[in-house]
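K.L.:
Residue-level listing of the chains:
Number of protein chains: 2
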Amino acid sequence: MEASLNFPTETPLTEDLLLNCIENGMSHFKDEEVRAIMEMTSIKTFKKGTILLHEGEIPSKCFYNYKGCVRQFYLKDGEERTTSFFTENQSVTSTAISTGGRKQGSKYYLECIEDTTLSIASHEQELELFKQFPKFETLCRIETERELTQYQEKLAYYIMTSPEERYLNLLNNRSELINRVPLYQLASYIGIKPETLSRIRKRILMK
Amino acid sequence: MEASLNFPTETPLTEDLLLNCIENGMSHFKDEEVRAIMEMTSIKTFKKGTILLHEGEIPSKCFYNYKGCVRQFYLKDGEERTTSFFTENQSVTSTAISTGGRKQGSKYYLECIEDTTLSIASHEQELELFKQFPKFETLCRIETERELTQYQEKLAYYIMTSPEERYLNLLNNRSELINRVPLYQLASYIGIKPETLSRIRKRILMK
Chain A
25 MEASLNFPTE
35 TPLTEDLLLN
45 CIENGMSHFK
55 DEEVRAIMEM
65 TSIKTFKKGT
75 ILLHEGEIPS
85 KCFYNYKGCV
95 RQFYLKDGEE
105 RTTSFFTENQ
115 SVTSTAISTG
125 GRKQGSKYYL
135 ECIEDTTLSI
145 ASHEQELELF
155 KQFPKFETLC
165 RIETERELTQ
175 YQEKLAYYIM
185 TSPEERYLNL
195 LNNRSELINR
205 VPLYQLASYI
215 GIKPETLSRI
225 RKRILMK
Chain B
25 MEASLNFPTE
35 TPLTEDLLLN
45 CIENGMSHFK
55 DEEVRAIMEM
65 TSIKTFKKGT
75 ILLHEGEIPS
85 KCFYNYKGCV
95 RQFYLKDGEE
105 RTTSFFTENQ
115 SVTSTAISTG
125 GRKQGSKYYL
135 ECIEDTTLSI
145 ASHEQELELF
155 KQFPKFETLC
165 RIETERELTQ
175 YQEKLAYYIM
185 TSPEERYLNL
195 LNNRSELINR
205 VPLYQLASYI
215 GIKPETLSRI
225 RKRILMK
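Top line first, the protein sequences correspond to chains A and B.
Take 25 as the starting number for the first sequence in our numbering and just add one per residue.
Take 25 as the starting number for the second sequence in our numbering and just add one per residue.
Identical copies carry no separate label here, and so any pair may be met within one copy or between two of them.
Taking lysine-lysine pairs in the BS3-like style, the calculated list, with each CA pair at most 27 Å apart, reads: (1) Lys178 with Lys131; (2) Lys100 with Lys231; (3) Lys100 with Lys131.
Keep in mind the hints are simulated off the structure, nothing from the lab.
Since the structure is predicted, the reported quantities are computational estimates derived from the model, not experimental observations.
Isolated chain A (complex conformation) (with noise of 0.2 Å):
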């Protein structure tokens, strides 16, 4: 099942990709181990419409956002669900590391709805990492604590908001998405139909 990942452009690690990566939560690494962590991983850019990882395809790979966009969906009744958008300095969802390594087909597909450069590595390279620099392990629990903060944040304004207070919530805080997606994509994002979403937005250009 490896097919989704071929003939990505192979990306060189630029003084500008380091910068970014100390910039956002490397800060505490010398420049040294830094440059020694990113050459462990690599990094490589997927053209639009790649699938990056296919339902009941067991994730082996976890991905950082450089550059780009990443879509997560489920297939639910034969219609496309989505539920996340991945952009720039954010991790990519994958279960093969969140779950420890545990065997377990993917319930959702991930795919590149931009050209989009990523950093991927294996569990295994992780683990590697950890032990070679414990500081990195370190700053990956405090990463995935911030993202969990996040997320459990995500869920309780879901569970609180109108899918038009969802829409305003991204015009403030996500603006770009709303011109580098999809109108079926957004509406289906925050919990409706697109003919619905078109109505939220008439009344809002209104007021």
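With the hints as your guide, set chain B onto chain A.
P.N.:
Frame of chain A; chain B shown alone:
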């Protein structure tokens, strides 16, 4: 803001509690390590109705639930909105830990809705444990990754389902909650008014 933690009953570190810990994730530890870890945290029983954390309060402790039920709720337009129930062998959300000690007021309340026995550790105690037992940090990292996966799945599930599907899911997977939790809290948790939940329950009974 420590007032909400007053007057709990001290609970002795019994063999039962130790065994429970070992069975739930600490199986990689020697018994004496588990004992040392457990002795650095404290175990207390709180009366039903105790507020463990208020909105605006800086969270300074993390809780693990041995017995009982903790409800997380937000106040939105003066109305309680229930967003989580933490029962036996679940970590209770704690922003103190989840943001690596960042000092930020809580957006929600934590309330014991039954007499509840919790293991309690401060952020400082947690860091000390990580220093003394690096294996404990690994355990916490894996546990946090597992929880993150669960929350990602919960959010995706919530996005994809109707309130009726959510209620049926509770019946099938967390049926104990139905008897332990007041109807208005359950309704809020699945995103509807109590009247709507009553109608759903009647519809299901008639099938």
